[in-house]
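Protein chains: 2
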Amino acid sequence: MTSDLLARRARVMGPNVPTFYDTPVHLVRGEGVWLWDADGRKYLDCYNNVAHVGHCHPHVVEAIARQAAVLNTHTRYLHETILDYSERLTATLSHDLDQMIMVCTGSEANDIALRMAQAVTGKTGIIATDNTYHGNTLATSQLSTRRPPIGGYPAHVRLVPAPDSVRPVGGTIEGQAQAFAEHIARAIAELEAEGCGFSGFMLCPSFANEGFPRLDPGFLDPAVEVIRKAGGLVLCDEVQPGFGRIGETFWGHDWMGFAPDVVTVGKPMANGHPVAAVIARPDVMAAFRTAFGYFNTFGGNPVSCAAAMATLDVIERESLQDNARAVGAYALDRLHRISHPLKAEARGTGLFFGIEFTHDDGSPATEFTREVVEYMRENGVLMNRIGREMNTLKMRPPLPFSKENADLAIDTLEAALQEVPYG
Amino acid sequence: MTSDLLARRARVMGPNVPTFYDTPVHLVRGEGVWLWDADGRKYLDCYNNVAHVGHCHPHVVEAIARQAAVLNTHTRYLHETILDYSERLTATLSHDLDQMIMVCTGSEANDIALRMAQAVTGKTGIIATDNTYHGNTLATSQLSTRRPPIGGYPAHVRLVPAPDSVRPVGGTIEGQAQAFAEHIARAIAELEAEGCGFSGFMLCPSFANEGFPRLDPGFLDPAVEVIRKAGGLVLCDEVQPGFGRIGETFWGHDWMGFAPDVVTVGKPMANGHPVAAVIARPDVMAAFRTAFGYFNTFGGNPVSCAAAMATLDVIERESLQDNARAVGAYALDRLHRISHPLKAEARGTGLFFGIEFTHDDGSPATEFTREVVEYMRENGVLMNRIGREMNTLKMRPPLPFSKENADLAIDTLEAALQEVPYG
Numbered sequence: 001m002t003s004d005l006l007a008r009r010a011r012v013m014g015p016n017v018p019t020f021y022d023t024p025v026h027l028v029r030g031e032g033v034w035l036w037d038a039d040g041r042k043y044l045d046c047y048n049n050v051a052h053v054g055h056c057h058p059h060v061v062e063a064i065a066r067q068a069a070v071l072n073t074h075t076r077y078l079h080e081t082i083l084d085y086s087e088r089l090t091a092t093l094s095h096d097l098d099q100m101i102m103v104c105t106g107s108e109a110n111d112i113a114l115r116m117a118q119a120v121t122g123k124t125g126i127i128a129t130d131n132t133y134h135g136n137t138l139a140t141s142q143l144s145t146r147r148p149p150i151g152g153y154p155a156h157v158r159l160v161p162a163p164d165s166v167r168p169v170g171g172t173i174e175g176q177a178q179a180f181a182e183h184i185a186r187a188i189a190e191l192e193a194e195g196c197g198f199s200g201f202m203l204c205p206s207f208a209n210e211g212f213p214r215l216d217p218g219f220l221d222p223a224v225e226v227i228r229k230a231g232g233l234v235l236c237d238e239v240q241p242g243f244g245r246i247g248e249t250f251w252g253h254d255w256m257g258f259a260p261d262v263v264t265v266g267k268p269m270a271n272g273h274p275v276a277a278v279i280a281r282p283d284v285m286a287a288f289r290t291a292f293g294y295f296n297t298f299g300g301n302p303v304s305c306a307a308a309m310a311t312l313d314v315i316e317r318e319s320l321q322d323n324a325r326a327v328g329a330y331a332l333d334r335l336h337r338i339s340h341p342l343k344a345e346a347r348g349t350g351l352f353f354g355i356e357f358t359h360d361d362g363s364p365a366t367e368f369t370r371e372v373v374e375y376m377r378e379n380g381v382l383m384n385r386i387g388r389e390m391n392t393l394k395m396r397p398p399l400p401f402s403k404e405n406a407d408l409a410i411d412t413l414e415a416a417l418q419e420v421p422y423g
Numbered sequence: 001m002t003s004d005l006l007a008r009r010a011r012v013m014g015p016n017v018p019t020f021y022d023t024p025v026h027l028v029r030g031e032g033v034w035l036w037d038a039d040g041r042k043y044l045d046c047y048n049n050v051a052h053v054g055h056c057h058p059h060v061v062e063a064i065a066r067q068a069a070v071l072n073t074h075t076r077y078l079h080e081t082i083l084d085y086s087e088r089l090t091a092t093l094s095h096d097l098d099q100m101i102m103v104c105t106g107s108e109a110n111d112i113a114l115r116m117a118q119a120v121t122g123k124t125g126i127i128a129t130d131n132t133y134h135g136n137t138l139a140t141s142q143l144s145t146r147r148p149p150i151g152g153y154p155a156h157v158r159l160v161p162a163p164d165s166v167r168p169v170g171g172t173i174e175g176q177a178q179a180f181a182e183h184i185a186r187a188i189a190e191l192e193a194e195g196c197g198f199s200g201f202m203l204c205p206s207f208a209n210e211g212f213p214r215l216d217p218g219f220l221d222p223a224v225e226v227i228r229k230a231g232g233l234v235l236c237d238e239v240q241p242g243f244g245r246i247g248e249t250f251w252g253h254d255w256m257g258f259a260p261d262v263v264t265v266g267k268p269m270a271n272g273h274p275v276a277a278v279i280a281r282p283d284v285m286a287a288f289r290t291a292f293g294y295f296n297t298f299g300g301n302p303v304s305c306a307a308a309m310a311t312l313d314v315i316e317r318e319s320l321q322d323n324a325r326a327v328g329a330y331a332l333d334r335l336h337r338i339s340h341p342l343k344a345e346a347r348g349t350g351l352f353f354g355i356e357f358t359h360d361d362g363s364p365a366t367e368f369t370r371e372v373v374e375y376m377r378e379n380g381v382l383m384n385r386i387g388r389e390m391n392t393l394k395m396r397p398p399l400p401f402s403k404e405n406a407d408l409a410i411d412t413l414e415a416a417l418q419e420v421p422y423g
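Chains Z and R are the protein sequences, given in the same order.
Counted the way UniProt numbering counts, the first sequence spans residues 1 to 423.
Counted the way UniProt numbering counts, the second sequence spans residues 1 to 423.
Treat the hints with care, as some may be off.
[What the hints assert, rightly or not] Output of the computed footprint for chain Z on chain R, the stretches with three or more beta carbons under 8 Å from beta carbons of chain Z:
id : region
1  : 24-38
2  : 84-92
[Stated by the list, open to error] Over 12 Å on every C-beta distance to chain Z, these chain R residues come out as not near it, computed from the model:
id : residue
3  : Pro-217
4  : Gly-218
5  : Pro-222
These are computed hints drawn from the structure, not numbers from a lab.
Keep in mind it's a predicted model, so treat the numbers as computed, not measured.
All residues carry an ideal CB built from backbone N, CA and C; glycine is no exception.
Using the sequences and the hints, build the whole thing.
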């Protein structure tokens with residue numbers, strides 16, 4: 001019983017533990033893009049970017065089971081798996097992003113990235129957007145507005161207005177890239193005046209938590225120029241867009257067309273096994289490794305590497321990046337053709353797409369969007385919402401998502417838009 | 001080839017990546033207390049506390065493989081495994097330590113524990129010993145001397161002299177508990193003068209990284225009294241002693257006889273699967289969960305919980321805590337009977353024991369201890385060293401370690417003590 005599970009959760013996990021939906025789903029099984037609840041009800045998963053190559057993909061499960069039965073230990077001993085995997089993953093990156101540290105979570109990866117910027121520059125000042133999330137450690141929470149840090153934001157953190165394609169920074173779409181860069185320049189000046197100096201800017205190249213605004217390639221060029229001129233590092237959090245999701249390119253920064261100094265990866269990397277990594281240029285890695293004797297007991301163990309390697313295998317063998325591009329374009333086309341009084345914008349790249357809803361006066365249709373999400377769940381389609389006011393429907397399914405899956409999701413969405421009142 | 005692997009590591013992982021031994025061991029297989037290298041050479045593992053119930057224990061491997069094939073997703077959906085496991089683990093703890101957060105690494109757990117103290121007290125000042133390690137995140141590295149933080153120690157951190165059974169704090173074994181507490185009281189006064197106030201003290205109840213000094217139960221009573229009187233929390237890092245290793249009790253703090261406000265667990269929890277947790281009283285948990293909306297994508301997923309549950313099964317079914325007590329006592333008795341000019345002290349509790357070596361003048365025999373460790377490795381026994389000057393031999397084997405295993409390890413050690421020059 002769901003109510004029993006919620007009572008047990010409250011008893012053993014405490015209050016304020018996040019769940020999805022008014023009545024959280026009690027899952028028991030997953031396969032491909034499908035999930036089943038305890039009553040045998042089947043759901044189309046349009047939201048889980050962790051089960052990147054599909055829930056319980058047999059190739060990944062077998063790789064985990066095989067390696068777990070042979071050896072699982074840490075990197076103070078030598079083992080090929082971490083080398084094989086690191087060589088293969090760094091080969092997908094340009095910009096001399098040739099070295100990596102394997103860790104267990106995206107939060108750990110971003111926590112390291114912040115210190116890489118610190119080690120290279122000798123400064124601590126750091127900038128992020130004002131509508132983002134980069135992790136749950138103490139340090140990463142300090143630049144996350146979606147889960148604000150305990151004790152407030154410290155002096156070395158500055159948050160700049162997030163890009164937005166409905167209400168652009170600076171007032172116009174044309175001027176947004178420049179306005180965004182100017183906010184960063186002001187923040188840098190403030191950090192320097194504060195005395196902590198400027199170490200870098202952390203961003204998701206798809207601005208996924210900001211509501212994945214529609215931005216053209218090159219949007220970040222003025223910002224990157226400002227950051228480089230001030231001697232800071234560009235820390236690129238690819239935890240959501242990475243590994244082929246956006247279709248056109250394997251990495252979000254390649255689509256945007258800029259060169260990061262550090263890339264962090266996480267969630268989809270090993271299809272649910274706790275694996276993440278920080279990838280950097282050799283000079284950045286050397287500065288960090290020399291300044292701090294980093295070691296992670298579980299990071300890069302043979303089982304984690306086998307899981308990550310098998311995930312890459314599946315992405316390649318099943319041409320999942322191509323599928324993300326093709327199905328994403330198909331789905332976005334259908335979303336564009338939806339007509340609804342509250343629809344402000346349909347947008348997306350690859351298998352990361354959605355619709356923003358606003359009222360006539362331009363105010364966010366937060367409650368309407370919430371009700372659409374609940375309707376979808378009640379009708380067997382799991383998706384969610386994002387954006388400053390949580391008024392953007394967000395779909396981010398496992399990559400083996402087919403046109404038929406997209407049709408089911410969008411047919412259900414069209415029914416929701418008919419049924420959910422918006423008065 | 002080992003040299004090829006080292007070259008590949010340098011190329012893809014960067015400089016200053018920690019390894020064990022002059023020539024690191026290239027492992028390919030593990031089973032129980034045994035490890036095999038690429039040349040088919042067999043080693044007795046006397047050091048790995050991650051493979052807690054034995055390398056590749058089939059019960060744990062099967063649990064991982066079974067659950068990975070069925071479902072692996074996050075805790076925003078409901079699933080029984082995290083509840084079953086949390087209820088079972090918290091039942092092993094007293095002091096109202098009834099609620100927990102599952103994460104992926106001990107570092108993540110300690111990073112949360114620090115913020116629990118902050119949430120409860122509204123202060124940031126934190127104390128640890130001056131010879132310890134509590135994690136690799138930015139926040140936990142700030143109270144770790146074994147891997148000092150980038151940028152030095154911040155104003156809200158104070159490090160007090162670590163307990164020592166050969167060179168006791170305050171000069172005498174009898175006065176050490178009181179002297180230790182007085183150092184903490186002084187540190188609290190400094191933090192209050194600094195303006196950050198006092199939030200808590202983080203410690204390992206076995207002082208494992210400090211060199212696991214011989215201390216009697218009750219040693220921490222004066223310190224805990226000082227901490228409580230000042231309104232701070234006792235944050236107990238059980239990452240090394242926990243889960244039955246010390247034999248007499250399941251937890252290190254129960255052996256020491258004090259009541260922590262927060263307990264963190266990690267390495268051995270799931271026999272190598274990346275699982276860790278923070279366990280706290282409901283009032284402490286509520287303060288943290290209310291102040292910060294914590295969520296961990298991989299933490300507490302069904303596969304991690306299955307691995308952790310299976311590890312607890314094996315500890316119980318194979319009576320591994322009893323084994324740790326019996327074999328630990330047997331091994332320590334043999335260590336006590338070893339006679340060597342540099343032997344300062346043999347000590348330990350359960351399957352966590354070793355010998356400290358010093359020269360005639362009392363100075364640490366660091367190089368001698370290093371050579372003993374290398375001799376052991378060359379002769380098929382993996383162990384290591386710890387302590388302020390790395391002059392204490394440290395043995396911390398998987399728990400299915402038998403008397404025959406102890407005899408092999410100590411016979412080899414006796415040969416090492418004959419062979420390694422100490423002039």
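> Just checking, Gly-218 (chain R) versus chain Z, shortest CB gap more than 12 Å?
Replying inline: 31 Å, holds
> For the region 24-38 of chain R, do three or more residues have a beta carbon lying closer than 8 Å to a beta carbon of chain Z?
Replying inline: Coverage by chain Z holds here, the residue count being 8 at a Cβ distance below 8 Å.
>> Is the listed coverage of the region 84-92 of chain R by chain Z valid when you require three or more residues with a beta carbon under 8 Å from a beta carbon of that chain?
In response: holds (count 3)
>> At 12 Å, judged by beta carbons, does Pro-217 (chain R) keep clear of chain Z as stated?
In response: Its Cβ never comes within 12 Å of chain Z, the nearest being 28 Å, so this holds.
>> Minimum C-beta separation from Pro-222 (chain R) to chain Z exceeding 12 Å: can you confirm that?
In response: The claim holds: Pro-222 (chain R) sits with its nearest Cβ about 30 Å from chain Z, beyond 12 Å.
Every hint, counting from the list given before, is met by this structure.
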